[in-house]
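Peer 1: This is what each chain is made of:
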Amino acid sequence: MTDLTREGIKATVGEEMVKVTVDGQEFEAPKGQMLIQAAQNHGTYIPRFCWHPRMRPVGMCRMCLVEMETPKGRVLITACTNPVADGMVIDTKSEVAKKAQEGVLEFLLINHPLDCPVCDRGGECPLQDHTIAYGPGESRFVEEKRHFEKPIKISDLVYLDRERCILCARCTRFSDEVSGDPLIEFLDRGNFTQINTFPDQPFASYFSGNTVQICPVGALTSKAYRFRARPWDLVSIESTCPHCTTGDRITVQASQNEVLRFLGVDAEATNWSWLSDKCRFGFEFIESPDRLTSPMIRQEDGSFTEATWTEALELVASRFTEIRDAGKGLAVLGGARGTNEDAYALAKFAREVLSTNNIDCQLDDGLDPQFLAATADRARISDLDSARTILVWGPDLKEEHPTLYLRVRHAVQEKGARLVLIHPWRNGLDDRATHKLTYRPGSGAALLTRLQSEEGEVATALAEGPLVALLGRTGYGEDGRLAEAVAAHVRSLGGKLLPLARRSNVYGALDMGLAPSLAPGRATTDNPGKNAAQILEGLAEGSILGLLMVGSDPVRDVPNGELARQALEQARFVVALDQFLTDSSRLADVVLPVEGFAEKEGSVTNVEGRVQKVNRVVPGPGQSRPDWSILDDLSDRMGRSINLVSAEAIAKEIATEVPAYVGVTWDMLDAEKDGVVVPLPEATQPLVYLPADTPGKSFSGELVLHYARTMFDDGVLMRHGPSLEHLAPGAVAILNFDDARRLGLSDGDQADIKTSQGSARLTVRIDPSMNHGLVYVPFNQPGIPSLGSDPVVTVTKA
Amino acid sequence: MTYPLLVTKRMTDFPSDSHTLERYEATGGYKAARASVGMTRDQLVEAIKNSGLLGRGGAAFSAGLKWSFLAPARPAYLVVNADESEPGTFKDRQLLERDPHQLVEGIIITAIANEVHRAFVYVRGEYPKPARRVQKAIDEAYAEGYLGKGIFGSSYDLDVVVHLGAGAYICGEETALINSLEGLRGEPRLKPPYFPAAVGLYNKPTIVNNVETLSNLPHILNQGIDSYKGLGHEADTGTFLFSISGHVKKPGNYELPHGITWNELIFDIAGGMRRERRLKTWIPGGASAPWFVPSDHLELPITKDDTAKAGSMLGSGAVVVMDEATCVVRAAERIVRFFAHESCGQCTPCREGTSWLEMILRRIEAGQGREVDFDLLLDVSDNISIGLAWPPRMTTICPLGPSAVSPIISITKYFKGEIMTHIHDGGCPLPA
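Sequences listed follow chains A and B, in order.
All letters in the first sequence, in the order written, are residues 1 to 798 by this note's numbering.
All letters in the second sequence, in the order written, are residues 1 to 432 by this note's numbering.
Heads up, a few of these hints could be off.
Said to hold, decoys possible - So the derived label-pair ranges between C-beta atoms look like this: (1) B:A389 - A:E102: 17 to 27 Å; (2) B:R132 - A:G122: 48 to 58 Å; (3) A:A376 - B:D157: 52 to 62 Å; (4) A:G123 - B:P294: 51 to 61 Å; (5) B:K149 - A:A376: 55 to 65 Å; (6) A:S382 - B:A389: 44 to 54 Å; (7) B:A73 - A:V89: 26 to 36 Å; (8) B:E126 - A:E258: 58 to 68 Å; (9) A:D200 - B:E22: 48 to 58 Å.
Everything labelled a hint here was simulated from the structure, so no lab data went into it.
None of these values were measured; they are calculated from a predicted model.
Each residue gets a CB set at the ideal place from its N, CA and C atoms; glycine is no exception.
If we strip away everything but chain A, and leave its shape as in the complex, we get (with noise of 0.2 Å):
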């Protein structure tokens, strides 16, 4: 373990304990650590402000002054940029150290504006904090204050107010240390010394937010909170980000019955208090008044009518009965964004009420649930720190998930990782790869084989480990099986493995069951059903009648969404759960209002298998009911009782029935801290994972699509949040220059993009770093048909 420090130099914090005295207290801390943080874990706290314990020191802005003695006498030094060592003896409340303090604080209060009554920060800010504590009683500065514009919008999501700034380069340091998007810099010098971004050039960081909650004044407020509460009237519980597959913890506050913000819990196993800005500001939703708030019933006309539950849920219970007892099929897709609890429920429902192995959670994924499921070779998101080697083969990290994007670029920056980086184009990871290979998707397979057999610099690389992967789809095209070969040979090397799959609790989903091929608790079926893609197939063709939607869109989420279409026009019954109206909810015959994240409590399972909880907070809207709710009461009316009577009910259910999660109760998540990984060390782990026998299909053409998602999109959270629902980047075709001559294209140009399961018309734009024969389309963008997850592509000039 290292702590950081400027300039690259590292002061190693060992296992060697050193003997310091501060303000009289001797004590013992890991020789190396920085005085600052060693006085706090043994009680003494040390003023500061640029100062923040995930990023490397700068000694700025000089508040954590105190006095060392020293055999020519006591010097005042930073507690921040000096580590522990043998013997030192502190003090830092003699009468030089308190004098120091108390100056830097006046110094930083001359040309601060006082606007306190109208700052976000008002109420929980440092600078506030610290002038009661340690600052002076009054002002003797009379000159004029400095100014500057404010505030100024930096970002579609950030505002900067410089009057405010105490110059601390926390945000500085965070976009280029640790988002390692250095957009926002010092300008100018001595006492014009701004921060501002290049002219231009928008703080445009996928991580712009984090910067507000570590600005130790308003300087940096978002357009998300401003002025919308006083911090002493937010309740504050912690829960788990809905967003990602992480786990990462946050801060959930509330006012009145609505939520206004989230804020990054510092967890040490996920993400050590930061957050993307599509997790930190997609908690608007929650409160969009689209939400919905009564059962509704489908008309001849397309139109909806508000029903009671009674009426609604008799007639679902009469259709899906009439249906599952004709014996026609019956199907459930979704589930993975909810609860444990949820997903236990729904699994039972399926299976014991609808009799039905048709249920899947991921929508088309690609990747098989038991190569998810498997947990043998699960690595930890912290392996990443002690790894020798990363090799990320899959999504691209920054764009689909920003934690882990985070930690691995932690991991190859300062832990000195080495980074083995596989993808069809431009990734946010570039910057920090050691090996950097791209491909054109279908020749993934042949990639592989070479990595497999050669003895190149990046199979020594991946030879020496500790290696950690983390392995998925890169994009629709490519297959879903090549994840699993890439995953057989980490795992003949001796690696550990993050399989990468989406959606915020399809690994929890996929525990309880969600899964054609699997049982609750990480066991195999003996009677698999359909998978998402089946189930659509059927549904278009006639062969599955009747299918349950929760939470899921497939229209806009699988690939093939024309296919989706299709599925739900034709099907004969379609109830779907869900907080709004979606593009394909909009064709259910029954759309029943649940409750959503904040507004139900349970638990949820992320990438390493550790299971936490989310709380509730607020009330969900109207009638809205949580989805084990409505499933028991339908099941009731259908004659099979599944017999749920809350969620910590099922809780307890799972935690006696559930192989992978027995013991894990509730009350054991409450008191970890970062949760509990599963299976338990006294569980069982019945799943044991077969690699596919296969490296998925190869496939050639002229051109081949990538298409992979970006962080925003068209996706139903962002649409119903005001500061996130214009962040898509819009669809483009990007091509190569030598590709788009042939063809006939220019920048700019208009062309028809065309597979097998979809087409569009899109903007080409040429782009020098384009692999030949690729053509890369961003997924579910705005108004943008989807193009199928078949590769082959043609591409021609409207």
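Given the structure of chain A, go ahead and fit chain B onto it with the hints provided.
Peer 2: Just chain B now, with coordinates in the frame of chain A:
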């Protein structure tokens, strides 16, 4: 009284062409460099250590000792600090402009002594002509095979790069200079590490030496340690360049030994006071140094130790002389304004405090002073430089902030009456 010259001898003897390679070689140039090619690191470091040569950039630290601290990691770099920006200092400019080959030879000797194969000359941006002259000298040295691959026919490679600064005083601070050279903001780095010799340019061991320091090296090797030491005064060996400016009759650069008195320097060498006015005060070692006054310091010998004992420093040898018509409030305000303007802005006390001091002084000079301002000046200063001592106990990363405090310490100590007159009379009692 005249004193023997060393680093300015060639330009004094041959003012028209002292900067040319021809003249340089005709007057014994590159002999020392040629000889040093065959010497070991230990021999060279030992020689310079024994010569007693102190750095001429301001800190007066033993050059040989600094070299001996060079960490073993390689590559190591040499950076020549030619960012001469201290107000009142203009000695390096003359060395760069008038005897650039002397510097190049010093670079070669230092490089060999420190196993350096790449050196950088960081010249302040406002010195275009000196930079051109140095570049020309370097080009000539390359053409002769004194620089580049296999210098002087040996197997030793040495490349020298000239880099111009962009107009920041702080880049004369060696770690800020290194940041600037790396393309970062010119901000001093945190200490520890205290010496670039441990971790410097591109995080590699780096020797940073001043132009005058390096210009001394050929002479030390050529004439031998004892002869070199004999030129100086006790611990202050060799000669020293003084830049004298202000209200004297003959301002300019003077190469002198230590040990003469201020009286001799100001009244004999610099010709005494202009317009026969009386000497009021002088800055003995650049704008950062606390001031001296005739009543206390005129007969003090000019040595490193005597100056330090009197609470100031010789710094880079810039002597700024002020006569009785000088308003000390205005003079202090001008110096504080300089430091406030040049503050890099990273440390709170320097960024905020120097500007605050400037505003208070400007207010007093404009007749808006208040009785409390006298104590306020001192207390704000105390919050930048605890105890107002010299050398300072800093609340900052580098000494720039505490340097701005020096004029305040000086005028409050020696000219309290004049400050109070400003405050009581509502303005400056001296003519504008």
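Peer 1: Each hint should be assessed against the structure and marked as holding or not.
Peer 2: Going down the list of hints, with the structure as the test:
| no. | hint | in the structure |
| --- | --- | --- |
| 1 | B:A389 - A:E102: 17 to 27 Å | holds (20 Å) |
| 2 | B:R132 - A:G122: 48 to 58 Å | holds (57 Å) |
| 3 | A:A376 - B:D157: 52 to 62 Å | holds (56 Å) |
| 4 | A:G123 - B:P294: 51 to 61 Å | holds (59 Å) |
| 5 | B:K149 - A:A376: 55 to 65 Å | holds (59 Å) |
| 6 | A:S382 - B:A389: 44 to 54 Å | holds (49 Å) |
| 7 | B:A73 - A:V89: 26 to 36 Å | holds (32 Å) |
| 8 | B:E126 - A:E258: 58 to 68 Å | holds (59 Å) |
| 9 | A:D200 - B:E22: 48 to 58 Å | holds (53 Å) |
Checked against the numbered hints given earlier, the structure satisfies every one of them.
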